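Read top to bottom, the protein sequences are chains D and A. According to this note's numbering, the residues represented by the first sequence are 1 to 314, in order. According to this note's numbering, the residues represented by the second sequence are 1 to 314, in order.
Derived from the structure by calculation, the hints contain no laboratory data. Since the structure is predicted, the reported quantities are computational estimates derived from the model, not experimental observations. Everything hinted at is true.
Repeated chains share a single entry, so a pair holds when one copy, or any two copies, can fit it.
Straight-line Cα separation of at most 30 Å, DSBU-like style, residue types lysine-lysine; simulated pairs:
(1) Lys14 / Lys165
(2) Lys39 / Lys76
(3) Lys165 / Lys208
(4) Lys84 / Lys208
Protein chains: 2
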Amino acid sequence: MKIPWFEQASRRRKFMIGVSGGMDSVALLHMLHEAGFRKVIVCHLDHGLRGNSSAGDSKFVSLLAKAMGYGVIVGKSNVRCMMKHTGDSLETAGRTARHAFFADCAKEQRCRTLLLAHHADDQAETVLWNLLRGSLGFRGMSEETEINMAGREMHVVRPLLGVRKNDIRDWMDARRHAWREDASNAVNDVVRNRIRNEAIPLLDDIAKRDVTSVLLRSAETDDTWRNLLDWAKMRASALDPQGRIHLRTFRELPSVLRNAVMADYLRAGGVVQLDRDLLGRCDLLSDVHQPAVVNLPGGRFLKRRQGRIFIDES
Amino acid sequence: MKIPWFEQASRRRKFMIGVSGGMDSVALLHMLHEAGFRKVIVCHLDHGLRGNSSAGDSKFVSLLAKAMGYGVIVGKSNVRCMMKHTGDSLETAGRTARHAFFADCAKEQRCRTLLLAHHADDQAETVLWNLLRGSLGFRGMSEETEINMAGREMHVVRPLLGVRKNDIRDWMDARRHAWREDASNAVNDVVRNRIRNEAIPLLDDIAKRDVTSVLLRSAETDDTWRNLLDWAKMRASALDPQGRIHLRTFRELPSVLRNAVMADYLRAGGVVQLDRDLLGRCDLLSDVHQPAVVNLPGGRFLKRRQGRIFIDES
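All chains should be built: construct the whole structure from the sequences, respecting the hints.
Here you go:
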């Protein structure tokens, strides 16, 4: 299996890895070991959801890490209890617990790079889920990204994001590596499990093809649109020398580009909490028949005056 | 119900409308009549798929059209027989038969505008189906478009494309209009019916929301990307004064724009049957470390030479 990240990552750098004990994370751990990575810290959180099996998972991960000569941190949380107190879903409570745990590990280990074992089938499920939720375009997970976990900026890497689950299984089987069945499913919420076990198999059957690979390709396509948008923003030249939006230029741009230019302008001006609704109202300023002022959060205003659109404090 | 097309269409122009006898097309016919359209030609094709019900559908449609004072053309085809001879699917054979029929009607009536009753739920199913088939982005049907039917260029309008099926049903119920149950489902292929009856209900249930409206919004988003691409093509200036592709400019473009520029260049040069694979190989010419020639269909070549990419006959 040829995985781009493994080709270029330094064997001597320190990495943390989240290991549930399930097949995917155990595979990634073995791959690191086989590839000769030296300073790996195995981070395992017991979510307290699998009764006696939870303790078995923790023990399995600890022993494996020690056999490889890697450091190991085992945390424990009570996700059900968190759910009761916060009213959060299993998905949200589980994520909050993991983020807090990983942030603690990062602090203790003075290491901010965290490897996670999400693979291509997880990615396809995420793409479908985001699609059903109505996020714009085909959004998936990123192979490398910054994620704020409990106030700490973490560098998250998913080396297996391009690898299909079956290929991971074959890799594990060929080496006769063991893993804990169901360890990683425990924290899947109902929706994730239904997408995996009901929606994708049904869609495969209706379309008579591998819908997972179709979804993966769609996510790539979406990245290419975003690249186009970045290029177009540079070409738009919609700001005047004073950094205000030049109305006549702005007005001629296609709508998705107008929204992107507007969002960048507002963000640069310190406006946070941009949503589709606010952007829609700001966009109306490009129409001279519409009112010339839009209220911004924080008591500020976006105004159209003398052929320019700009933020005004009063 | 406020439908944009009805606001602006001339009541005195001649329109053909495809009427199966099912709820949607009967509703559109009643709307035309209620709105005072004068010259409507009702086109009904009996696909020969519903046995005795087929004759009932034809009779229902004829009587309704005559009662409204509209002209009516009833055609008959044997779709099962076509399938046997061509090996086509029900979907393909049905479409071929309808296209031939509508083209005949158009010739006879000297009218090239055809109204079809596809609605928003049809649109969402189409979007999902195109997604599962792996077409790029969220492709749906267009409200107004040119379609070549059996060699004849037809102007197809779908006034109900933004209207939900339930709203059409309410409109019909409020007026106590009758229709033929199942008349329009007869020519739905298995895939279309499974998307409608299995996939969308399951996805609604998993996501706990109206997935149809999410899909409709996604299709709109996709249109905005296409508008951006059109804008970007104009700005790319990747052709030299002789109309060849300027390598250095071309190379700096984002990939989706390179593909669009290349596709336009090849189409203008008479290359048909462009697919993703051919475009991918042509795109490699922008990398000077790759071979400088790509074979095109029809024994022609795409070449990179002296900072240009161009079609060469030999």
